[in-house]
Amino acid sequence: MLKLVITLNILLPVIYGISTVLYGRYFIYKKTRNAKFASILLLCGVLLHLVFLISKGWHLQRFPIESSFESLSMLAFDIAIIYYVTERLKREYTTGVFFLTIVTLCQTISTLLFRGEKTTNELLANPLFGVHTSFTLLGLSALAIATLYALMYCVLARQIRNRQFGILYEGLPDLETLDSMRQNATICGIVLLGLGIMLGHFWAYKLFNHFGLADPKVWITDIALCAYATIWWSTKKSGVHGLHTNILSVWLFVMLFVLVAVLEFFLNTFHRFV
Amino acid sequence: MENEQIVLVGYDHKNTPVEFRDKISLTSDKIISFTKAVGKNNDNVREIAVVSTCNRTEFYLVASKPEALMCWLSWQYRYNKQFSFPYQAPKPNILYNQKAVEHLFAVSSGLESLILGEDQILGQVKESYNLLLSSGYKFPLLNKLFEQAIVAGKAVRTQTTLCQGAVSIGLAAVELARKIFRSFEKHRILLIGAGETSELVAKHFASLGAKQFIIANRTREKSEILAEKFGGKVISLDQIPMALSEVNVVVTATNSPTYLVGYEETKKILKLRSGPLLMVDISTPRNINPGIKDLSQDIFLYNIDDLRNVITNNIEKRKGQIPEAQSIIDYYADNYLKWRRSLNVTPTIKAVIRYFEDIRDKELEKFSNKVSAEEYQNLEKLANGIIKKIQHQPVVALQKMARKQQLDISKLHLISEIYSER
Numbered sequence: 001m002l003k004l005v006i007t008l009n010i011l012l013p014v015i016y017g018i019s020t021v022l023y024g025r026y027f028i029y030k031k032t033r034n035a036k037f038a039s040i041l042l043l044c045g046v047l048l049h050l051v052f053l054i055s056k057g058w059h060l061q062r063f064p065i066e067s068s069f070e071s072l073s074m075l076a077f078d079i080a081i082i083y084y085v086t087e088r089l090k091r092e093y094t095t096g097v098f099f100l101t102i103v104t105l106c107q108t109i110s111t112l113l114f115r116g117e118k119t120t121n122e123l124l125a126n127p128l129f130g131v132h133t134s135f136t137l138l139g140l141s142a143l144a145i146a147t148l149y150a151l152m153y154c155v156l157a158r159q160i161r162n163r164q165f166g167i168l169y170e171g172l173p174d175l176e177t178l179d180s181m182r183q184n185a186t187i188c189g190i191v192l193l194g195l196g197i198m199l200g201h202f203w204a205y206k207l208f209n210h211f212g213l214a215d216p217k218v219w220i221t222d223i224a225l226c227a228y229a230t231i232w233w234s235t236k237k238s239g240v241h242g243l244h245t246n247i248l249s250v251w252l253f254v255m256l257f258v259l260v261a262v263l264e265f266f267l268n269t270f271h272r273f274v
Numbered sequence: 001m002e003n004e005q006i007v008l009v010g011y012d013h014k015n016t017p018v019e020f021r022d023k024i025s026l027t028s029d030k031i032i033s034f035t036k037a038v039g040k041n042n043d044n045v046r047e048i049a050v051v052s053t054c055n056r057t058e059f060y061l062v063a064s065k066p067e068a069l070m071c072w073l074s075w076q077y078r079y080n081k082q083f084s085f086p087y088q089a090p091k092p093n094i095l096y097n098q099k100a101v102e103h104l105f106a107v108s109s110g111l112e113s114l115i116l117g118e119d120q121i122l123g124q125v126k127e128s129y130n131l132l133l134s135s136g137y138k139f140p141l142l143n144k145l146f147e148q149a150i151v152a153g154k155a156v157r158t159q160t161t162l163c164q165g166a167v168s169i170g171l172a173a174v175e176l177a178r179k180i181f182r183s184f185e186k187h188r189i190l191l192i193g194a195g196e197t198s199e200l201v202a203k204h205f206a207s208l209g210a211k212q213f214i215i216a217n218r219t220r221e222k223s224e225i226l227a228e229k230f231g232g233k234v235i236s237l238d239q240i241p242m243a244l245s246e247v248n249v250v251v252t253a254t255n256s257p258t259y260l261v262g263y264e265e266t267k268k269i270l271k272l273r274s275g276p277l278l279m280v281d282i283s284t285p286r287n288i289n290p291g292i293k294d295l296s297q298d299i300f301l302y303n304i305d306d307l308r309n310v311i312t313n314n315i316e317k318r319k320g321q322i323p324e325a326q327s328i329i330d331y332y333a334d335n336y337l338k339w340r341r342s343l344n345v346t347p348t349i350k351a352v353i354r355y356f357e358d359i360r361d362k363e364l365e366k367f368s369n370k371v372s373a374e375e376y377q378n379l380e381k382l383a384n385g386i387i388k389k390i391q392h393q394p395v396v397a398l399q400k401m402a403r404k405q406q407l408d409i410s411k412l413h414l415i416s417e418i419y420s421e422r
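Each protein sequence line maps, in turn, to chains A and B. Following the UniProt record's numbering, the numbering of the first sequence begins with 1 at its first residue and continues without gaps. Following the UniProt record's numbering, the numbering of the second sequence begins with 1 at its first residue and continues without gaps.
Hints were generated in silico from the structure; no laboratory data involved. One or more hints might be untrue.
What the hints assert, rightly or not - Think about it this way: if two alpha-carbon atoms lie no more than 27 Å apart in a straight line, the pair counts; the simulated DSS-like pairs of lysine-lysine are:
1. B:Lys154 / A:Lys236
2. A:Lys236 / B:Lys91
3. B:Lys268 / A:Lys236
4. B:Lys211 / A:Lys90
5. B:Lys65 / A:Lys236
6. A:Lys30 / B:Lys179
7. A:Lys36 / B:Lys154
8. A:Lys237 / B:Lys267
9. A:Lys237 / B:Lys271
10. B:Lys271 / A:Lys236
11. B:Lys338 / B:Lys317
12. B:Lys186 / B:Lys268
13. B:Lys179 / A:Lys237
All chains should be modelled from the sequences, with the hints used to inform the complete structure.
Right, here's the structure in full:
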């Protein structure tokens, strides 16, 4: 099992790396062959990554997110799979280079600092925890992807307004597609994060007889989810779209990120495992 | 066959004024008449294909006496089109073999077009090829030439960006719109003005799936004609502000000396709408108040100068693709010429094979009545094996030399002479 883990650990950054280069070539040269090959390679990467995470978890007898470097690999997987889904929904390959760069970086760092040591953390060994964490991380990754799409929208809209017909103008898809991909990623994020949070509360109640609301990180995530859901629902209902909704999307994620980062830095909550 | 040459006689926008081009341009029927004249056993001209568009009329011919071609062509014009070449007719572009092949490939790629990288020409070359195929006559050299020209044209279009980027005002407006909207099926387009430019813009949008046009013009009849053509409704000029609330694209192309889309009306209307609004002002003087741009971050306003800049940039980008396109053309032209050379050597190869097979047959005949059927079969197998091995070396050498252009006609004659029937 360890041999498989080590092999996949080396193979994953290579696959993601090649896929990134191909997406990059597509972004610049717009040769469909590159995009199709990159997409196939990404799918292979995602499937192998899943095998890697399962075999790693099996080998370690726990959910593989104990250290930051393990979490990076999980993050890479989450971004890769959510991006793949949004790409397939719109058959739009031009933004792949941005997401795959992040995926490759995360996985490379994780690979370089990989240690196959077994530790005994009861919390991480619980399978329900794995499901809760998977959904939460997937949800957060989807919201991060939605934010990147929103950011691309803002940059492209600015370039179009200012008549800067540079490489981003040439490479990125149209504003409507970016907006639609952001919406798809946001819906994915709301659903997955919602499921993750619900499972988390349920699990906390089962283990500690309370919903875990004492942890500020939990209620901030709860508030963020409510905010995302409310904004998504109200924009859908009123038909409002365009630059403002994209700016709002960016700010919402930045606030969530900053708040969680601040809390992570200053407070030692139960979401620490080492 | 070895004396036959591929010749191009071409009149195009570079060497011929439009008046003369108009006179010599040929319809499909006339091209078929020219083809028939060649197909019915012409001594000099063995094959013919014609590319006739508004910018060029070019004759691709396979002829043994190229010097007599102009006479033949002028006679054909007199006979088929009742047109006599004047004494001071413009001189055509005459190219032979490799140059002619490269020229056709450059034409199909859009390198020779008036607007560099123009897209229509490939379709026109395809049309010429289809006429060639439907003529019913066997024109093997030109069939292959046109087939390869189409392949080369497609390769240039897929492997380079020579044909990408708008190079006309109408297309530039549509190109900008495509950077904002994914498709136009559900979007409304407001055309202010119903002239030629508006029609062209409507045509480009319609080709991308736009179905909902709103047309505003001073003369209602003109608007109605356009609305009937592309589908949509007609409004008067004073209904423009209200229309702004329901459209996604506004294009103005009129001669009006005043703003038709004002600042205050637009400001009021913006409260009723959401999402990006593309406004393209192709009119001179401008018809959209330039201050509107600052009313919302979702308004993208362009005037004719912006579109001209887009076109200039695109033309520069296309020019940058010429070397890459040229190398693709060279590759396909080289392939075609190799194939052509291999045709020259084919009769000689056939002669070599026939020579050895004759020897085999004659020697086998000596044993036909002397051995049993089974033994004869074995002998036949043995003889075949030996003959194949002996002829393999000269045949491969001939093919290789043909590919490397090491065989001229005298050498081919000499080899044919050596292996001629005894």
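Verification of the hints:
1. B:Lys154 / A:Lys236: Given pair Lys154 of chain B, Lys236 of chain A is violated - Cα atoms ~44 Å apart, limit 27 Å.
2. A:Lys236 / B:Lys91: Violated - the C-alpha atoms of Lys91 of chain B and Lys236 of chain A are around 67 Å apart, more than 27 Å.
3. B:Lys268 / A:Lys236: holds (23 Å)
4. B:Lys211 / A:Lys90: holds (22 Å)
5. B:Lys65 / A:Lys236: violated (75 Å)
6. A:Lys30 / B:Lys179: holds (15 Å)
7. A:Lys36 / B:Lys154: holds (20 Å)
8. A:Lys237 / B:Lys267: holds (24 Å)
9. A:Lys237 / B:Lys271: Holds, at about 16 Å.
10. B:Lys271 / A:Lys236: The hint holds at about 17 Å.
11. B:Lys338 / B:Lys317: Measuring from Cα to Cα gives roughly 33 Å; hence the hint is violated.
12. B:Lys186 / B:Lys268: Satisfied, since the Cα-Cα distance of roughly 24 Å is no more than 27 Å.
13. B:Lys179 / A:Lys237: Since the Cα atoms of Lys179 of chain B and Lys237 of chain A sit roughly 26 Å apart, the hinted pair holds (cutoff 27 Å).
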